[in-house]
Amino acid sequence: MRQAIERIYWERRQGLYTLALAITRCPGRAEDAIQEAFARLWKTAARPGGDLVPYVFAAVRNTALDQLRRQEAAAGVEPASIYNGLPADPASEIITAEEHRLVREAVESLPEDQREAVVMRIYGNLTFEEMAKALGEPLQTVASRYRRAIEKLGEKVKRVAGPSHDQ
Amino acid sequence: MTSDIENLLREMPLRKPAASLDARVVGRRRRLRIILWTAATAGVAAAAAAAIIMLAGPGGPAKLPVLPPPAGVAQAPSPAEPVRLQRNWSQLSYEGVVVPDGRTPLRQFRHQALEHVQWIDAARGTKTEMTIPREEIILIKAPID
Numbered sequence: 001m002r003q004a005i006e007r008i009y010w011e012r013r014q015g016l017y018t019l020a021l022a023i024t025r026c027p028g029r030a031e032d033a034i035q036e037a038f039a040r041l042w043k044t045a046a047r048p049g050g051d052l053v054p055y056v057f058a059a060v061r062n063t064a065l066d067q068l069r070r071q072e073a074a075a076g077v078e079p080a081s082i083y084n085g086l087p088a089d090p091a092s093e094i095i096t097a098e099e100h101r102l103v104r105e106a107v108e109s110l111p112e113d114q115r116e117a118v119v120m121r122i123y124g125n126l127t128f129e130e131m132a133k134a135l136g137e138p139l140q141t142v143a144s145r146y147r148r149a150i151e152k153l154g155e156k157v158k159r160v161a162g163p164s165h166d167q
Numbered sequence: 168m169t170s171d172i173e174n175l176l177r178e179m180p181l182r183k184p185a186a187s188l189d190a191r192v193v194g195r196r197r198r199l200r201i202i203l204w205t206a207a208t209a210g211v212a213a214a215a216a217a218a219i220i221m222l223a224g225p226g227g228p229a230k231l232p233v234l235p236p237p238a239g240v241a242q243a244p245s246p247a248e249p250v251r252l253q254r255n256w257s258q259l260s261y262e263g264v265v266v267p268d269g270r271t272p273l274r275q276f277r278h279q280a281l282e283h284v285q286w287i288d289a290a291r292g293t294k295t296e297m298t299i300p301r302e303e304i305i306l307i308k309a310p311i312d
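Chains as they are written, first to last, in our numbering: chain A, 1 to 167; chain B, 168 to 312.
Extracted from the complex, chain A is given alone in its bound form:
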């Protein structure tokens, strides 16, 4: 069982980190949250049967929320983006620096629950069923929240970038 959790870490570390960062908005606290979550997971003897992926994401989400509460109690911290400052390939025709900026701003302006849904689905590669388990909410609720977020992102990027993006 512990090996299965360690495998999930290696396979999903980027998604777990992005989720923790989306919640805490602080790289250091995001890493602390992941370390704390796995420290608890290593010590916990009883685990649910079936798919462990939502269980691990839920553990990281909970410790990230704990970190956020501690962070809010502390002095103001400059919020960090889940994205790097530069596109992976600046010459790429698929995504330009301008699109990059638009998408980043649109994602960061989403309500927290919708941003979480986007991060879990897109960067955590979770299915709606896995997201529902991780969040402890009905599948339909989670799926609708994600679709609303995607629609909102589409509208924002389209409105700012103009009709040429709607192809």
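Hints listed in this document are in silico derivations from the structure and should not be mistaken for laboratory results.
Check the hints yourself; a few may be wrong.
Residues from chain A shown here face chain B by an in silico Cβ test under 8 Å; the list is partial [said to hold, decoys possible]:
1. 6
2. 55
3. 154
Here are some, though not all, of the chain A residues that point toward chain B, as calculated from beta-carbon distances under 10 Å [unchecked claim]:
4. 27
5. 28
6. 30
7. 31
8. 52
9. 83
10. 99
11. 103
12. 109
13. 128
14. 139
15. 157
Calculated lysine-lysine pairs in the DSS-like style (CA-CA distance at most 30 Å, straight line) [claimed, not checked]:
16. B:183 / B:308
17. A:43 / B:308
18. A:43 / B:183
19. A:152 / B:183
20. A:158 / B:183
Since this is a predicted model, take the numbers as computed values, not measurements.
We put the beta carbon where it would ideally sit given N, CA and C, even for glycine.
Using the hints provided, position chain B relative to the given structure of chain A.
For chain B alone, coordinates are given in the frame of chain A:
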């Protein structure tokens, strides 16, 4: 538009976690193993010490076996007894992926420890202390992103 946005999101360059996160997460699990191993070893050592005392009989406390002193104090005229052996520092760090045979990628961890030993020469009233560094490389076959 919806799928365009999803594609755009997937193309976005994500901020990466620090390389040290792996050692903090997986290393902690290994450290727990090391602590458990150390505790088990300490238990065996205590049992062995008790057996030596019992074998020595009622004539008084058994003397600890004399270990050879370190090279730097080998010229001391009287034997010195090690009175203390303590591991006082240990760490595990992740060093990335290596491919020693050119085919199988392995994750490399470095385990380092410092052990502190004291020798006391009661006849001369001297004390010699030595810190011994130990290092081991641990290679783990693991799926690579």
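A quick look at each hint next to the structure:
This hint holds: residue 6 of chain A has a C-beta 6 Å from the nearest C-beta of chain B, less than the 8 Å allowed. Residue-level restraint check for residue 55 of chain A is violated (minimum Cβ-Cβ distance to chain B is 16 Å; threshold 8 Å). Checking residue 154 of chain A against chain B by beta carbon gives a least distance of about 4 Å; that is within 8 Å, so the hint holds. Using the Cβ-Cβ criterion of 10 Å, the hint placing residue 27 of chain A at the interface with chain B is satisfied: the shortest such distance is roughly 7 Å.
A least Cβ separation of about 9 Å between residue 28 of chain A and chain B falls short of the 10 Å threshold, and the interface hint therefore holds. At a threshold of 10 Å, the smallest CB-CB gap from residue 30 of chain A to chain B is about 7 Å, leaving the interface hint in force. Residue-level restraint check for residue 31 of chain A holds (minimum Cβ-Cβ distance to chain B is 5 Å; threshold 10 Å). With its C-beta approaching chain B no nearer than about 15 Å, residue 52 of chain A sits outside the 10 Å limit, and its interface hint is violated.
At a threshold of 10 Å, the smallest CB-CB gap from residue 83 of chain A to chain B is about 5 Å, leaving the interface hint in force. For the restraint placing residue 99 of chain A at the interface with chain B, the shortest Cβ-Cβ distance is roughly 6 Å, inside the 10 Å limit, so the hint holds. Hint status for residue 103 of chain A: holds, given a least beta-carbon distance of 5 Å to chain B, under 10 Å. Interface hint at residue 109 of chain A: violated, since its Cβ lies 14 Å from the closest Cβ of chain B, which is beyond the 10 Å cut-off.
Here the hint on residue 128 of chain A is broken, as its CB sits about 14 Å from the closest CB of chain B, past 10 Å. With a least beta-carbon distance of about 19 Å to chain B, the hint placing residue 139 of chain A at the interface is violated under the 10 Å criterion. The restraint placing residue 157 of chain A at the interface with chain B holds, with a minimum CB-CB distance near 7 Å, inside the 10 Å limit. Taking the CA atoms of residue 183 of chain B and residue 308 of chain B, the gap is near 23 Å; set against the 30 Å cutoff, the hint holds.
At roughly 23 Å between alpha-carbon atoms, residue 43 of chain A and residue 308 of chain B fall within 30 Å of each other, so this suggested pair holds. Pair hint residue 43 of chain A plus residue 183 of chain B holds up; C-alpha atoms about 27 Å apart against a cutoff of 30 Å. Among the hinted pairs, residue 152 of chain A with residue 183 of chain B is consistent with the structure: their alpha-carbon atoms are about 26 Å apart, no more than 30 Å. For the suggested pair residue 158 of chain A and residue 183 of chain B, the alpha carbons sit about 28 Å apart, so the restraint of at most 30 Å is met.
Hint check: violations occur at hints 2, 8, 12, 13 and 14; the rest are consistent with the structure.
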